[in-house]
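Residue numbers (the working numbering), protein chains in the order written: chain A, 1 to 168; chain B, 169 to 336; chain C, 337 to 504; chain D, 505 to 672; chain E, 673 to 840; chain F, 841 to 1008.
Hint data in this document are derived by calculation from the structure and do not stem from the laboratory.
Don't take each hint at face value.
[To be verified] Each pair of labels, with its calculated beta carbon distance range:
id, chain 1, residue 1, chain 2, residue 2, range
1, D, E562, A, E139, 42 to 48 angstroms
2, A, D68, F, Y983, 30 to 36 angstroms
3, D, T620, A, T116, 32 to 38 angstroms
4, B, K215, D, E562, 33 to 39 angstroms
5, C, S410, A, E161, 55 to 61 angstroms
Glycine included, C-beta positions come from ideal geometry on N, C-alpha and C.
Number of protein chains: 6
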Amino acid sequence: MAENEPQKSAVYPGTFDPITNGHLDIARRALRLFPNLILAIAPNPRKTPLFTLEERLEMIRQATEGLDGLRIESFDGLLVDYVAQKGASAIIRGIRAVSDFEFEFQMALMNRKLDTSIETVFLMPSEEYSYLTSTLIKEVASYDGKISTLVPKPVTEKLREKYGSKAS
Amino acid sequence: MAENEPQKSAVYPGTFDPITNGHLDIARRALRLFPNLILAIAPNPRKTPLFTLEERLEMIRQATEGLDGLRIESFDGLLVDYVAQKGASAIIRGIRAVSDFEFEFQMALMNRKLDTSIETVFLMPSEEYSYLTSTLIKEVASYDGKISTLVPKPVTEKLREKYGSKAS
Amino acid sequence: MAENEPQKSAVYPGTFDPITNGHLDIARRALRLFPNLILAIAPNPRKTPLFTLEERLEMIRQATEGLDGLRIESFDGLLVDYVAQKGASAIIRGIRAVSDFEFEFQMALMNRKLDTSIETVFLMPSEEYSYLTSTLIKEVASYDGKISTLVPKPVTEKLREKYGSKAS
Amino acid sequence: MAENEPQKSAVYPGTFDPITNGHLDIARRALRLFPNLILAIAPNPRKTPLFTLEERLEMIRQATEGLDGLRIESFDGLLVDYVAQKGASAIIRGIRAVSDFEFEFQMALMNRKLDTSIETVFLMPSEEYSYLTSTLIKEVASYDGKISTLVPKPVTEKLREKYGSKAS
Amino acid sequence: MAENEPQKSAVYPGTFDPITNGHLDIARRALRLFPNLILAIAPNPRKTPLFTLEERLEMIRQATEGLDGLRIESFDGLLVDYVAQKGASAIIRGIRAVSDFEFEFQMALMNRKLDTSIETVFLMPSEEYSYLTSTLIKEVASYDGKISTLVPKPVTEKLREKYGSKAS
Amino acid sequence: MAENEPQKSAVYPGTFDPITNGHLDIARRALRLFPNLILAIAPNPRKTPLFTLEERLEMIRQATEGLDGLRIESFDGLLVDYVAQKGASAIIRGIRAVSDFEFEFQMALMNRKLDTSIETVFLMPSEEYSYLTSTLIKEVASYDGKISTLVPKPVTEKLREKYGSKAS
């Protein structure tokens, strides 16, 4: 019987530039299935992120306080190598829309090709976050639009600093 | 620490009329994440299935012999009620294509509305099964086409009986 | 100057078997743009609706009480002929998903071919109704699932009657 | 050098219930690539077609008069078996929209599985036919809508007969 | 009765770099529904447009001469703020394809979140413009391809100037 | 009779930066339909390719050795002009996914607008290559991931050189 085996752990990777309420929603859902979850920040130097890795780490730490079982790390290199090294068996990805779906499937098939022992698990965010992307958040914040219900509080503050505005 | 909690269990529902190698692929992947998996057959009387519930149960039992942790049941009524009654926390669904994705999302959002404590988990079958549907299998078998690499052996035999052909 | 021309009117057609909160959401949004809106019920005898035309009319009347500018009618024949006869210039359609989109575009292009003077206007329902369809509602109600937050009150009651259940 | 090999031939299968200007457009495009083209009518008894196989054959014959290199046949059984028996190397399919695309890909992958020597070739109809389906044509004709620019002349006449209307 | 209320006005925003016949088609359709339409040019400095804001304004002015009820402006900042300031109730967007649809829905849901009083209205261009994008036009023009049936005359001339070619 | 006309020839254009096993799969399938096939490399200076045109040509030459009927060229300017100049009647494109589909259709409709005598022919790669893109290959190779089953041998070697790694 498998009843008392230790829980599988999972990795939720992303750029999180910055983390949104949609990302937090997926992390909470994943934690109900995988009590040991690593939120893994990809540096993503190619896309020149708005926030440094350290800023992103710090915002996520503040936004996820109290979420039991969640660890926050950054990683470099191939995702599957990182996942294997952590002893995790699953990659968590949120999908909201058809366009997400295709890109995510391509990535998942490539990752399966690179390491057949790791499964990608797709979760669906709450429909109220179905339109949320970090890119859109940054655009709205840059024009001083109201984002306080879309991102965690520390992110609202940090975006306000970056854009020297009263974003709230 | 969550390390030694009992494993979450999951339900993989479907009509399985009949079960294909694509369904088996998803069941195997799900078992790596959820060591207690219930494959739950929906009677689906509206679509008038080719095989009776009993025939479907029997084929699945033969096809899944040796898969540890898998139970096979049938259910009636609302899926979320059945899942809750089984103490499971997740519904497993395979998605192969964009059209799957939209229907599955609609179902998953409705199920979440009906019971917020149950999460739908989407897994991706091996790309070699991306085109497999029970409907297509039945059509090919009815014309005596070769299906032996697409469904488990007991299904090939049962389809041959149904269509009185040499389907192989 | 066009400032004081009479308002254009629009037709919102559908089977409404039964009307859902998603349909009401679209009707309210349409009324903000087209103060004279006709909600036009298609008999749809081919799909054998659950509710008779009279039942659908009655439920919609009760559900839309107090919505100024909305008229409720039924129609038969080609939609574009009906729209032209009413002197309306637009057909209102809600789109929620990619699969909606393609079918709706096909219909809209055909309607444009049949009458170039009528424009189809697509509106987006609130994301909380993005998964709602009359078909899904009927399925959930038939299993006695909770639908009271998804359809107007008169529809909940009528569905309860139909399915002899305590649907609430 | 391959310059003087005999031309490959191709099969364009469908239900053609009835043939539309969109189908004719695809047939003409296919003929420019495959000078020996067989338009192959599937009986499709499951969907209970509006027109008998003989009526469909007759309408197509009249509509394609003068198209050099086109043969018209009907077939039963597996499409790939028919194509192989004809010595053809390609199946022609028109795709207009994303929903077409997914279904067509599923069929094409299954056909490739059944016979790896046959290739499915996708062609794009003129954008003016992107919304045309036989189903839509029949619906419009049944309401006496104008279809004369959407189907060949013999089809307009035959639809008029069927629906006892002045469809034109 | 709503019969004599002043007409609602609408905003049709875009980068229009440059305006195409597809954009003009949408503007004309929108004017039939909203007799007061503002075509609002977004500066879009991030994407480094080919034409300056002034050049774009000038080309649009020439291309839309004689379109009653159309005003041409440019705007900066959040679109919803601009729309509210103009007293408009609707944002007009053309959608041609599934990929448009998803991006447009994401934008529309975000805009609705930022200002619930503004509705996004989706219109369908004529199918003959379904493949037209400003990006594609510029690419074709840069290779001296024939674009004169795809963009208004002043745009053809301006593109010819830019690319020092005989684009026609 | 058309039986002995010379074969139509076709052009398979792309950036091929670098060529993958998916591209080779499409080229082989195209050769079965069009015995005279030109693989035509677009310089693509805008996207700053990883490999020079010469490197790409050389890798393709090595990877396609023994493929009868295939010529390898590079071209500049409008694709349709190049195709016409070569006397070819078809453009070959592989489509793997819905997102491909939409972009490819847009391009194909534009190309048809520019030259109505040239047909775009869509072929489906083997499902085992459905997730392969040159971009993904470069990303995996840059992290020293295993790519030897995804690209031809000369490409594996060249990528190893570029990234100074043991990519294999």
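Verification of the hints:
1. At roughly 60 angstroms, the beta-carbon separation of E562/D and E139/A lies outside the given 42 to 48 angstroms, and the hint is violated.
2. A C-beta distance of roughly 32 angstroms is found between D68/A and Y983/F, which places it inside the suggested range of 30 to 36 angstroms.
3. About 25 angstroms separates the C-beta atoms of T620/D and T116/A, a value inconsistent with the hinted range of 32 to 38 angstroms.
4. For the hinted restraint 33 to 39 angstroms between K215/B and E562/D, the CB-CB distance of approximately 35 angstroms keeps it satisfied.
5. For the hinted restraint 55 to 61 angstroms between S410/C and E161/A, the CB-CB distance of approximately 59 angstroms keeps it satisfied.
When the structure is compared with the earlier hints, violations turn up for hints 1, 3 and for no others.
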